[in-house]
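Listed below are the residues making up each chain.
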Amino acid sequence: MSAGASPIGLDVGRRVLKAAQRMGDGRVLTALVTRSELGLLEDLDRMGSTLWRRGFRGRTVIASAPERSALMASIELPRPETGAPVRTIASAELARLHGREPGGLESTVIYRDLAPNARSGRGAQAFAFAVDSAEVIADVAALEGQGGRALRVARVECGPLALARALGASMGPGASCAIEHGWTRLTVTVCEGGVPIFVRTLDDLGLSQLDQQRQSSPGSLSTFYQRMSEELERSLAYGVRECGSHEPVPTLIACPARAYGPMMEVGGTLVSRGVPVLLRASLAFGAHECSGRFARAIGLAISQVTAGVGRFSTAQEPEQMDKVAA
Amino acid sequence: MTAIGWTNATGRRPVVLGQDLLPAPVLSKRATAARAITWTRITGGTLAVLALVYAFAPDHGRRIEAATDARDAARVELRAIETQQASVLMRQRQLESSLVAWDRAAGRLDWSGLLHAVAAACSPEAALSAIELTPPDRDTGPYTLVISGTEQSHAAVSSLTLALERIPVLQSVALRRADRIVDGERERVRFTLACEVGLQEGTP
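As you go down the protein sequences, you meet chains A and B in turn. Taking numbering that gives the first Met the number 0, the leading residue of the first sequence gets 0, the next gets one more, and so forth. Taking numbering that gives the first Met the number 0, the leading residue of the second sequence gets 0, the next gets one more, and so forth.
Among the hints, a few may not be true.
As the list claims (entries may be wrong) - Some residues of chain B that are not near chain A, with every Cβ distance over 12 Å (derived):
{"#": "1", "residue": "Gln18"}
{"#": "2", "residue": "Ala23"}
{"#": "3", "residue": "Val25"}
{"#": "4", "residue": "Thr31"}
{"#": "5", "residue": "Thr37"}
{"#": "6", "residue": "Thr42"}
{"#": "7", "residue": "Leu51"}
{"#": "8", "residue": "Leu114"}
{"#": "9", "residue": "Cys121"}
{"#": "10", "residue": "Asp136"}
{"#": "11", "residue": "His153"}
{"#": "12", "residue": "Arg165"}
{"#": "13", "residue": "Pro167"}
{"#": "14", "residue": "Asp182"}
{"#": "15", "residue": "Val188"}
Stated by the list, open to error - Label-pair distances were calculated between CB atoms; the ranges are:
{"#": "16", "chain 1": "B", "residue 1": "Ile41", "chain 2": "A", "residue 2": "Gly285", "range": "36 to 46 Å"}
{"#": "17", "chain 1": "A", "residue 1": "Arg26", "chain 2": "B", "residue 2": "Thr37", "range": "58 to 68 Å"}
{"#": "18", "chain 1": "A", "residue 1": "Pro217", "chain 2": "B", "residue 2": "Ala23", "range": "22 to 32 Å"}
{"#": "19", "chain 1": "A", "residue 1": "Leu96", "chain 2": "B", "residue 2": "Leu26", "range": "51 to 61 Å"}
Please keep in mind that the hints were generated in silico from the structure rather than gathered at the bench. The structure presented is a predicted model; accordingly, all values stated were derived computationally and were not measured. Yeah, the Cβ is synthetic: ideal placement off N, Cα and C, and Gly gets one too.
Let's have the full structure, built from the sequences with the hints guiding it.
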């Protein structure tokens with residue numbers, strides 16, 4: 000990694016690979032490669048060439064955890080200061096909720112708000128994310144096994160945490176939301192303070208399902224969008240209520256360009272129905288802006304920045320930025 | 000425990016556990032590789048430092064080599080000096096011995112001419128048993144030459160006496176003894192002659 004440049008944040012999606020890197024002068028470089036049928040190794044080879052052409056520096060990568068079989072939920076867990084094996088308990092609880100074996104899971108537990116002087120023995124609400132270790136090892140092996148262009152995976156993080164970090168860095172430490180219209184799923188993420196507090200994935204509302212609907216019965220697209228609107232309204236209303244925000248919550252719409260128009264229409268419908276959201280199509284970092292599709296990659300790239308010193312200042316609420324002790 | 004993010008609405012920071020999802024086997028493998036790299040770097044650094052020291056520090060090898068050359072040259076020179084010294088010492092000893100010989104010879108008489116004359120006066124059958132030169136009792140007196148030996152006959156003894164008389168340096172020749180003796184199966188005459196040696200002016 001060159002001086003002044005952050006590690007490369009690499010969001011490994013089902014349909015596209017997205018990379019971002021924050022340079023020393025504040026610019027945010029982004030790159031996107033559509034995945035092929037040839038497999039991750041071939042895609043990473045093309046991604047390496049793309050990164051080199053776009054001016055990325057270094058080979059250190061912070062990758063997103065594979066979400067093909069990721070388990071996530073908001074559950075009540077023992078408080079961390081009790082010394083309980085919180086991550087093991089979270090893995091077991093997530094496995095039980097999703098009906099699978101608890102072994103071989105790597106988990107991340109995020110406590111949104113640990114109230115001090117809480118009664119001992121009482122748990123705390125936490126967002127738990129777990130992923131299969133074998134999938135992580137396979138992805139890391141693919142990323143680091145590219146010969147001359149081999150990357151060095153410094154860390155693997157859960158995607159929602161990276162997304163929340165990017166939203167916090169761009170929109171401020173208050174509540175924020177993101178609507179990600181991906182190839183296989185529609186994801187609503189509600190964040191506060193740079194961490195996710197609520198994530199809902201709708202596996203039957205992805206772009207692939209939309210394309211299938213468009214090909215099979217073009218006349219029924221309104222039904223698809225109607226259902227999408229209803230699900231988004233429910234999820235956002237719940238998330239905004241969970242945040243306790245009394246002001247419109249900035250909401251990022253992250254989707255391909257071809258889906259941007261319909262998504263803005265759906266968002267406008269939500270606003271007209273009284274959901275307190277403030278739609279945004281891009282992330283702003285000072286004078287620089289980039290597409291919302293790279294939010295997770297940017298969040299991965301700036302993880303060391305925000306985990307150390309909050310120098311990723313925003314124009315909205317710079318006074319609330321706080322230096323965070325790791 | 001890792002705390003990341005910013006303060007939220009309640010003023011408290013969120014807490015994230017297990018931010019890195021890399022599995023333990025991967026981390027263990029990396030730790031092993033990192034240790035190997037660290038030791039490799041330490042070893043390489045040490046070798047590099049040693050190489051730098053060898054390359055840029057005072058070249059002991061060359062200096063020792065130079066010192067050896069100088070030492071060898073000094074040794075050669077020393078040997079030459081020792082050889083010269085030995086030759087000078089030898090010459091000195093020769094000169095000293097010559098000087099001693101000349102010192103010993105200084106002020107003495109050269110009797111070689113007298114002895115040659117005596118030998119010429121003797122017949123081939125004469126057998127001298129002693130030649131004794133006695134200095135004078137006083138400084139002004141003559142030297143006394145006493146010749147002892149055997150001859151074939153009294154006539155031969157007389158001839159020898161006459162031959163000695165003819166030697167200029169001998170002032171007088173006196174037959175002190177002439178006895179007939181038997182030497183094995185032959186008869187011979189044992190004699191003793193006393194001569195006075197008179198030194199002339201300028202004799203060394």
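To see whether the hints hold, each was checked on the structure:
1. Non-interface call for glutamine 18 of chain B relative to chain A: violated, since the shortest CB-CB distance, roughly 6 Å, does not exceed 12 Å.
2. A Cβ of chain A approaches the Cβ of alanine 23 of chain B within 12 Å, the least distance being about 8 Å, so the stated non-interface status is violated.
3. At roughly 6 Å from the closest C-beta of chain A, the C-beta of valine 25 of chain B falls inside 12 Å, breaking its exclusion from the interface.
4. With 12 Å as the threshold on Cβ separation, the claim that threonine 31 of chain B sits away from chain A holds: the shortest Cβ distance comes to roughly 15 Å.
5. With a minimum CB-CB distance of about 16 Å to chain A, threonine 37 of chain B clears the 12 Å threshold, and the non-interface call stands.
6. For threonine 42 of chain B, the shortest C-beta to C-beta distance to chain A comes to about 22 Å, beyond the 12 Å cut-off, and the non-interface label holds.
7. Remark: the non-interface label on leucine 51 of chain B is consistent with the geometry, its nearest Cβ contact in chain A lying 27 Å away (cut-off 12 Å).
8. A cut-off of 12 Å between C-beta atoms confirms that leucine 114 of chain B is not in contact with chain A; the least separation is 115 Å.
9. Distance to chain A confirms cysteine 121 of chain B as a non-interface residue, since its nearest Cβ pair spans about 122 Å, more than 12 Å.
10. Interface exclusion of aspartate 136 of chain B from chain A stands, the closest Cβ pair being 125 Å apart, more than 12 Å.
11. With a least CB separation of 136 Å from chain A, histidine 153 of chain B remains clear of the 12 Å interface cut-off, as annotated.
12. A cut-off of 12 Å between C-beta atoms confirms that arginine 165 of chain B is not in contact with chain A; the least separation is 129 Å.
13. With 12 Å as the threshold on Cβ separation, the claim that proline 167 of chain B sits away from chain A holds: the shortest Cβ distance comes to roughly 126 Å.
14. Chain A leaves aspartate 182 of chain B outside its interface by the beta-carbon criterion, the shortest separation being 126 Å against a cut-off of 12 Å.
15. No Cβ of chain A approaches the Cβ of valine 188 of chain B within 12 Å, the least distance being about 132 Å, so the stated non-interface status holds.
16. For isoleucine 41 of chain B paired with glycine 285 of chain A, a C-beta distance near 43 Å keeps the hint of 36 to 46 Å intact.
17. For the pair arginine 26 of chain A and threonine 37 of chain B, the supplied restraint of 58 to 68 Å is violated, since their beta-carbon distance comes to about 34 Å.
18. Under the hint 22 to 32 Å, the C-beta atoms of proline 217 of chain A and alanine 23 of chain B, about 51 Å apart, miss the expected range.
19. Leucine 96 of chain A and leucine 26 of chain B have their C-beta atoms about 27 Å apart, which leaves the hinted 51 to 61 Å range violated.
The structure is inconsistent with the numbered hints 1, 2, 3, 17, 18, 19, although it conforms to all the rest.
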